[in-house]
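Asks: The chain contents come next:
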Amino acid sequence: MKLFKAYCQDFFRYRYLLYNLVGRDFKLKYRRSVLGVIWSVLNPLLMNVVMVIVFSTIMDMRSAGIKNFSVYLIIGQLLFSFFNEATSVAMGSVLSSAPLLRKVYIPKYIFPLEKVTFSLVNCLFSFIALIIVMVVTRAPLHLTVILALYPLMTLFVFSLGIGLILATLAVFFRDIMHLWNVFTTALMYFSAIFYDPMGLQTSPSVLFLQKFISFNPVYWYITAFRGVVLDGRLLTSAEILVCGICGIVALIVGLLVFRKYQDKFVLHM
Amino acid sequence: MNMIEIENVSMRFNLAREKSESLKEYFLQMVQGKLHFDEFYALRNVTFNVEKGDFFGLIGLNGSGKSTLLKVISGVYKPTEGTTRVKGTIAPLIELGAGFDMDLTARENIYLNGTVLGLTPKYIQEKFDEIVEFSELKDFLDVPLKNYSSGMIARIGFAIATITQPDVLIADEILSVGDFLFQEKCEKRMQHLRENGTTMILVSHSIQQIERNCNKVAWLEKGRLKMVGDTKTVCDAYKQIHQE
Ligand SMILES: Nc1ncnc2c1ncn2[C@@H]1O[C@H](COP(=O)(O)OP(=O)(O)O)[C@@H](O)[C@H]1O
Ligand SMILES: [Mg+2]
Numbered sequence: 001m002k003l004f005k006a007y008c009q010d011f012f013r014y015r016y017l018l019y020n021l022v023g024r025d026f027k028l029k030y031r032r033s034v035l036g037v038i039w040s041v042l043n044p045l046l047m048n049v050v051m052v053i054v055f056s057t058i059m060d061m062r063s064a065g066i067k068n069f070s071v072y073l074i075i076g077q078l079l080f081s082f083f084n085e086a087t088s089v090a091m092g093s094v095l096s097s098a099p100l101l102r103k104v105y106i107p108k109y110i111f112p113l114e115k116v117t118f119s120l121v122n123c124l125f126s127f128i129a130l131i132i133v134m135v136v137t138r139a140p141l142h143l144t145v146i147l148a149l150y151p152l153m154t155l156f157v158f159s160l161g162i163g164l165i166l167a168t169l170a171v172f173f174r175d176i177m178h179l180w181n182v183f184t185t186a187l188m189y190f191s192a193i194f195y196d197p198m199g200l201q202t203s204p205s206v207l208f209l210q211k212f213i214s215f216n217p218v219y220w221y222i223t224a225f226r227g228v229v230l231d232g233r234l235l236t237s238a239e240i241l242v243c244g245i246c247g248i249v250a251l252i253v254g255l256l257v258f259r260k261y262q263d264k265f266v267l268h269m
Numbered sequence: 001m002n003m004i005e006i007e008n009v010s011m012r013f014n015l016a017r018e019k020s021e022s023l024k025e026y027f028l029q030m031v032q033g034k035l036h037f038d039e040f041y042a043l044r045n046v047t048f049n050v051e052k053g054d055f056f057g058l059i060g061l062n063g064s065g066k067s068t069l070l071k072v073i074s075g076v077y078k079p080t081e082g083t084t085r086v087k088g089t090i091a092p093l094i095e096l097g098a099g100f101d102m103d104l105t106a107r108e109n110i111y112l113n114g115t116v117l118g119l120t121p122k123y124i125q126e127k128f129d130e131i132v133e134f135s136e137l138k139d140f141l142d143v144p145l146k147n148y149s150s151g152m153i154a155r156i157g158f159a160i161a162t163i164t165q166p167d168v169l170i171a172d173e174i175l176s177v178g179d180f181l182f183q184e185k186c187e188k189r190m191q192h193l194r195e196n197g198t199t200m201i202l203v204s205h206s207i208q209q210i211e212r213n214c215n216k217v218a219w220l221e222k223g224r225l226k227m228v229g230d231t232k233t234v235c236d237a238y239k240q241i242h243q244e
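Top line first, the protein sequences correspond to chains A and B.
For the first sequence, the positions run 1 to 269 when the numbering used here is used.
For the second sequence, the positions run 1 to 244 when the numbering used here is used.
Since the hints were derived computationally from the structure, they do not count as laboratory data.
Just so you know, these numbers come straight off a predicted model, no measurement behind them.
Just so you know, even glycine gets a beta-carbon here, dropped at the ideal spot from N, CA and C.
Pairs of lysine-lysine residues, derived as BS3-like cross-links and limited to a Cα-Cα distance of at most 27 Å, are as follows: (1) B/K87 with A/K2; (2) B/K87 with A/K264; (3) B/K24 with A/K260; (4) B/K216 with B/K239; (5) A/K27 with B/K122; (6) B/K146 with B/K185.
Derived list of chain A stretches under chain B, where covered just means 3 residues or more per stretch with a C-beta under 8 Å from a C-beta of chain B: (7) 10-21; (8) 99-105.
Chain A on its own, in the form it takes in the complex (with noise of 0.2 Å):
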């Protein structure tokens, strides 16, 4: 608890210097390219286009129990890809403001939760993408919708406390960052993004696959987007419990590694 007002304080001290930041990195990514924002807006539903296209052609989404796919498929892309941006973006923010760390004292955790934040950032532009898909499809709005910022801010906090854990092992081995992004396109896999878990006929290895999802953390984020912004019902409170939780644990565990490390992370920079 002390360990947390402290970082209180120092992030009320220094929440200019992270909205600088993140001003920073938008300006330099938006400011080049000539399509700017929209970028992040076409990237995505691109994507979707592409995707929905090849899976409704080999499979029947109807029949496996998934009413709008395509509003289905694209939470999942950008929800996911918001959890991997994050994460990864944030594993190198530490190592790549060694030339600032060597030369004055700000503490260290500002530079992944400012990754993390940007990425949100861009994630909030993105989700004009889901609004395109919503109208385009006649997707119903319901009013349900609001919810579906409680499992955006936890996985918000889960992937500030998975980035501050990276980033501190990526100070003292680089390699994490391949290994990283191994990881997460397998992840990617058991996110259920382009398929529905639930819905698959029941076979052992089915059931099996279901069982080993349900340990996704993101599986859950997503899920719980879905529930409310797709399907319009409540959030269960397995879904309140599970977000909530992973995200504080998530954090506070990141906290501690990184407060852990952090003096020696100038001398191996």
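We have chain A; now place chain B with the ligands onto it with these hints.
Replies: Chain B with the ligands in isolation, oriented as in the chain A frame:
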């Protein structure tokens, strides 16, 4: 009153003989029991105090640990042994322009760097003109920094770091960049800050500059404190050995 207390500070670096940056190498070395480092002490048992209002000089040959000591004081390094205590705010000028992003313009960098130093955007806004005036870069404000010369970057860096009245200002060989006009200007600014109560630590390879500005000097040699005292005594002893 002591503004800075440095007590028995040692700083050890591990010079990894074979850098184990990949997991495979790390495990191989660990299994083979080869995971050892060459230890190197950049500072050993350094103890001294800096009093309020001091203009404190730090001298020594290259590699004697001056920069390392400044980084320990400003919190970049945590000392391996010993403690440092600093009262109040520190403005570190370890390397002018640290934290600048070369792809951003000067204007954007002033805001970014100001917040790196813990200033609020509102405060920076108020002092913006003053910063621009001091750095004499009015016509270049919206040019990306990568088109600047190192002297120009140093000017902005100095202007931002000295815009507040910090309790302690730490300057590491910063006055060696830029032309003599800029150096004069910086020295004047530092004297001005000092008259208003800022405590200074200055590292310079120009012994004349130390003699001109400082009232106390510490002399480091191979990481150890060789001598500390008033400027004349220490500088004379130093000059005698290094025949300047
Ligand atoms: N991060 C580091 N890792 C290993 N050795 C270092 C590091 N920083 C400094 N050193 C070593 O510490 C010694 C003192 O360096 P420094 O403090 O920069 O000296 P000075 O500023 O007096 O020239 C040098 O021998 C340098 O090689
Ligand atoms: Mg030096």
